[in-house]
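*Asks:* Okay, here's what each chain looks like letter by letter:
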Amino acid sequence: AQSVTQLDSQVPVFEEAPVELRCNYSSSVSVYLFWYVQYPNQGLQLLLKYLSGSTLVKGINGFEAEFNKSQTSFHLRKPSVHISDTAEYFCAVSGASGTYKYIFGTGTRLKVLA
Amino acid sequence: KAGVTQTPRYLIKTRGQQVTLSCSPISGHRSVSWYQQTPGQGLQFLFEYFSETQRNKGNFPGRFSGRQFSNSRSEMNVSTLELGDSALYLCASEEGTQNNEQFFGPGTRLTVL
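Chains as they are written, first to last, in the numbering used here: chain H, 1 to 114; chain S, 1001 to 1113.
These are calculated hints, taken from the structure and not from any lab test.
Check each hint, because a few of them may be wrong.
[Unchecked claim] Straight-line distance between alpha carbons at most 25 Å, and here's what the computed SDA-like set of lysine to any residue pairs gives:
#1 H:K49 x S:S1027
#2 H:K69 x H:T5
#3 H:K111 x S:P1039
[What the hints assert, rightly or not] Heads up, incomplete: computed chain S residues facing chain H, CB under 10 Å, no partners named:
#4 G1003
#5 Q1006
#6 Y1035
#7 L1043
#8 F1045
#9 E1048
#10 R1055
#11 L1090
#12 P1106
#13 G1107
#14 R1109
[As the list claims (entries may be wrong)] Pair ranges (Cβ atoms, derived):
#15 H:L113 x S:P1039: 15 to 25 Å
#16 H:S28 x S:S1065: 21 to 31 Å
#17 S:P1061 x H:S28: 25 to 35 Å
None of these values were measured; they are calculated from a predicted model.
In this text, a Cβ means the ideal position worked out from N, Cα and C, and glycines have one as well.
Given only the sequences and the hints, what does the whole structure look like? Please build it.
*Replies:* Here it is, written out as structure tokens:
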């Protein structure tokens, strides 16, 4: 069965410090990987996606993620966070070629401290 | 292009009632998926409609149903509401090609009393 694990439910970090949000997945088929951000009382906004090709993916707002097939991971990183990055972040996996739809992790709440 | 819109944004119902939520996808998108988001269960996939046909389905009881119209707009219906159905219901649209990139609406917050 497919699954996504976000190991950290909450991550506090000081402003301008780097951050890494962890995501591991399990799948028996090839996958597409996504990171979404959700601000309070809003829907989800796509930060970045991995479909194929380069394993280092750059997204919006200075975020990037690296796909590691051997470790089945897709960790999200940002070298310097801002107060405005405070939000909930979701990792999602879907089966390539539509074999299955999105499976989301439980989310990581990033809190940026002044 | 306009984004995904969902109506209503907030809804209060009582147990036993039924409810219909609406989603208008991005123009040109043929696939609409529905998700339930709760603090305890997180984001769970309900179903996906593509060209008016249900293409994928999650593990929800038959009280949850949906449909898609020829203009790609979709509705989700929940019958015989239970307290546990209180959640944020998110709709997502995608072109329908194989890249699976979904664009989410703001959600409908359903409260069941």
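*Asks:* Decide, hint by hint, whether the structure agrees.
*Replies:* Outcome of the hint check:
| no. | hint | in the structure |
| --- | --- | --- |
| 1 | H:K49 x S:S1027 | holds, 22 Å |
| 2 | H:K69 x H:T5 | holds, 15 Å |
| 3 | H:K111 x S:P1039 | holds, 17 Å |
| 4 | G1003 | holds, 9 Å |
| 5 | Q1006 | holds, 8 Å |
| 6 | Y1035 | holds, 8 Å |
| 7 | L1043 | holds, 4 Å |
| 8 | F1045 | holds, 5 Å |
| 9 | E1048 | holds, 6 Å |
| 10 | R1055 | holds, 8 Å |
| 11 | L1090 | holds, 6 Å |
| 12 | P1106 | holds, 5 Å |
| 13 | G1107 | holds, 5 Å |
| 14 | R1109 | holds, 8 Å |
| 15 | H:L113 x S:P1039: 15 to 25 Å | holds, 23 Å |
| 16 | H:S28 x S:S1065: 21 to 31 Å | holds, 29 Å |
| 17 | S:P1061 x H:S28: 25 to 35 Å | holds, 27 Å |
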